[in-house]
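Using the sequences and the accompanying hints, generate a full structural model.
Protein sequences appear in the order of chains A and B.
Residues in the first sequence are numbered from 1 upward in steps of one, following my numbering.
Residues in the second sequence are numbered from 1001 upward in steps of one, following my numbering.
A few of these clues could be false.
[What the hints assert, rightly or not] A few chain B residues that don't get close to chain A, going by computed Cβ distances all over 12 Å:
id : residue
1  : Gly1018
2  : Phe1063
3  : Gln1143
4  : Trp1210
5  : Ser1214
6  : Thr1237
7  : Asn1248
[Claimed, not checked] Here chain B is said to cover these stretches of chain A; the calculated rule only asks that three of the stretch's residues, wherever they fall, bring their Cβ under 8 Å from a Cβ of chain B:
id : segment
8  : 119–129
9  : 243–250
[Said to hold, decoys possible] To list a few chain B residues with every Cβ distance to chain A over 10 Å, as calculated:
id : residue
10 : Ala1011
11 : Ala1079
12 : Glu1150
13 : Arg1172
14 : Thr1207
15 : Tyr1225
By construction, these hints were calculated from the structure, which means they are not laboratory data.
Quick caveat: nothing in here was measured; it's all calculated off a predicted structure.
Where is the CB? At the ideal position from N, CA and C, for every residue including glycine.
Here is what each chain is made of, one letter per residue.
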Amino acid sequence: MILVQAIKLAGYHVFSSKEYMSRVRGGLNSTEIRISSKRVAAYVDRIDILLAINEGAIGHLGRRITKDTQIIGDEDQLKSVTGEYNVLKIPVLKSAEELGGIIFANVIAAGVISCMLNIPSGVFDQIIIKMFARKGEKIVEKDLQAGRKGYQLGEELMGSNDFKFEIEKGPSVKDELLLSGTEAVGLGCLAGNCKFMASYPMTPSTPLQIFIAENGKDFDVIFEQAEDEIAAINMSIGAFYAGARAMIATSGSGFALMEEAVGLSGMTETPVVIYVGQRPGPAVGLPTRTAQEDLNLTLYSGPGEFARVIFAPGNFKDAFELSHRAFNLADKYQIPVFILSDQYFAECNYNHPSLDLSNLAVEEHIVRTTKDYRRYELTPDGLSPRGIPGYGDGLVVIDADEHDEEGHITEDLEIRARMVDKRYTKKMKLIKKDIIPPELLGSDDYEILAVGWGSTYGTIKEALNYLGWEEISFLHFKQLYPLHPDTVNYMNKADKTVIFENNASAQFANLIRMETGLEIDEKILKYNGMPFSVEEVTETLKSIGGL
Amino acid sequence: MDAKDFNMDDADVAWCPGCGDFFILQTLKETLAELEIKPENLVLVSGIGQAGKLPHYIKCNVFNSLHGRSLPPAVAIKAVNPELTVIDVSGDGCMYGEGGNHFIHNIRRNPDITNLVHNNMVYGLTKGQASPTSRTEFKTNLQVEGVFLEPFNPISIAIALKASFVARAYCRDTEETKNILKKAIKHKGYALVDIFQPCVTFNKVNTYQWFKESTYYLEDSHDPYDIEQAFKRSMETDKFPLGIFYMNPDKKTFEENLEVYLEDKTPIYKRRVDMGKLERLIASKR
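Below, the structure is given as structure tokens:
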């Protein structure tokens, strides 16, 4: 993060994405950082410079290293690496030891690259001071020294080699925001007046829990680490019942435990916002990797039938605005609303111009109750005004059993049918008038339509830009359910359709078929735990386009 | 106020005639009336089972939740609006079986709520299977040879976790039960009241007669602040002591510990996001 911040502050566009093993320390982990004169928000395979502080890195990154990759590595660790690779060796670990331990290796390495990019050392120092201030003066001083050592090694490298970086700076980049996908969602939740989050830690949703916990005091949000996921969602539903907008953050297996309570939200018509950071399953799966495997899980979660909405942001603007919207929608329609993210999206960082709060109102959907208040009053559109206990003279009675208009348990089958109409049929009708349309990138007049949802946005977009073909356009869905009716027209206009999904069963393609009867021609599915790269998407589209 | 103020005249009560739950319902209404708790400011949260139906028969705000899951919403409701009186009404299967994890951890959390557990030592709603508190050798349609699992002892567990208020009552002793309920509801912090209650249909062993013969009241000399004595008494099962076993006056409640209430007591449901502050937080990401 030090280097990513330094790059941004120096005025370059930057993107970073990390992949790591599921262990507390060690393992083979890497962070990809892209430095660019243009805006970038996508993962690529290509590696121009590899900074390796252990030998395993080279095998780990495999075919991504080519003859054009400049490896800069630790001289002891990379002793045996020769020949086919383009390697420059520097004493990173030895220098770290001299400073007091290998813990400084990362800062030294960041300093090396920062120096090579000609980032002023003052900018680098400023970030070190900001980042380590909490840890006390001594640590700050040590890390400043480590940075300087990195710069010194960088200068030596530049002096003895013929490197040239030609990356243009963007004039306004340094004043832009540097966010992660998690932060974009978290800021949206705060803007949506989230007041309560109960959750159980689980990668990759934990960072959102931390974001809310850290900001709890400033933004009047109660964060509670629940004893299990079941408690977490039931607490959040209780909080929404009592009048505080509430959410939970979880991932695949954790969400599986919450399913019963999704039905509680549906049945009692108590709103709840559910953030699911997807990772490869089933069961524990690959905890630190990425996937888009839990669309079906969220779509069908909970017994019985009731209305729901599923969002899947693909960029930071959407993540921020959809998260805000999730709370308004949940509150308005009294339903569960899902925000589907994944490890790749949650943990990637890039610079983003700004987040606009001016149009983000917190809608008020709670009514003051009167003596004759009935929580489930049957109305023409299916929405009953929602009261909360202690606000007004009425009583707010809700029930997980089938209930009458007052909220009391009933086995009257006529009322039952009317309540199903209300919870499902009528609400879906309303919600369908309020769907965010898919975004078409490229010309209206296309032959091939690439389809994607959620986190693949940046990657497919960049691949299309790279190809620069008029004939291909990209349709990105940020609301998956209910599906926007325009989907049919978009699909029908194409000679050929192709979908990219990070799962093995083409879950969204199946949803499209189910809702529209239209089959997507080509399904490009990746489920090894890594995101699609720009190159992969480009090559695939080339072959589909007949080149 | 009068107990009648809590009547639900048109409620279709589903309990069997003679069920111990009727005594609990009446005693609870009287308790609430004597404590002058208004129905609008009271929330009863329940799970599933015969006890879980009680809130439908009493005039107040109700959250009839999932089986075993009454405590999580109860805690959240109190946290979001500490001005409400929140009572969790559950049964032995719901609270100690399905919801066992929540039971344990909410004792640790110590929300200012009252937790009433109707304990009839049998599953009523599902027609007669063993509950966590069923005594050994109790035969059912599923425990065909009789129960052999060690019965769950909620009182000992609550004391071991230093719960802030731990009591046991017997529903038929309405005056004594009312006394305990009053203290439990007034108590600041989590208050467990395990209430013995016969199931007249599915438990032919633990009857009114059995409960009468198998219980006695803790003496006036019992010191509820002495945790070791309390624990020792909670282990008695030849005859079950009734009354307040233990109180822990030193515990801060969950709500008191919450950062959002340290300086400002306004319930958080009344607060709105400060967009200016949010602007500044966003700006800090530059």
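Cross-check of the supplied hints:
Interface exclusion of B:Gly1018 from chain A stands, the closest Cβ pair being 21 Å apart, more than 12 Å. Taking the minimum C-beta to C-beta distance to chain A, about 6 Å, the non-interface status of B:Phe1063 is violated against the 12 Å cut. With a least CB separation of 26 Å from chain A, B:Gln1143 remains clear of the 12 Å interface cut-off, as annotated. Every beta carbon of chain A lies more than 12 Å from that of B:Trp1210, the smallest distance being close to 30 Å; the non-interface claim holds.
Against chain A, the non-interface label of B:Ser1214 holds: every CB pair exceeds 12 Å, the least being about 33 Å. For B:Thr1237, the condition that its CB be more than 12 Å from all CB atoms of chain A holds, with the nearest at approximately 28 Å. For B:Asn1248, the non-interface assignment is confirmed: its Cβ lies about 20 Å from the closest Cβ of chain A, beyond the 12 Å cut-off. Under the rule that three or more residues need a Cβ within less than 8 Å of chain B, the assignment of the segment 119–129 of chain A is violated, with 0 such residues.
Proximity of the segment 243–250 of chain A to chain B, defined as three or more residues with a beta carbon under 8 Å from a beta carbon of that chain, is established by the 3 residues found. Residue-level check failed: B:Ala1011 sits 7 Å from the nearest beta carbon of chain A, not beyond 10 Å. Not every Cβ of chain A is farther than 10 Å from the Cβ of B:Ala1079; the closest lies at roughly 6 Å, contradicting the non-interface assignment. B:Glu1150, annotated as away from the interface, keeps every beta carbon of chain A farther than 10 Å; the closest lies near 23 Å.
No beta-carbon of chain A is positioned within 10 Å of the beta-carbon of B:Arg1172; the least distance is around 26 Å. For B:Thr1207, the requirement that its beta carbon stay farther than 10 Å from each beta carbon of chain A is met, with the minimum near 28 Å. Under the 10 Å C-beta cut-off, the non-interface status given to B:Tyr1225 relative to chain A holds; the minimum distance is some 28 Å.
Checked against the numbered hints above, the structure breaks hints 2, 8, 10 and 11 and satisfies the rest.
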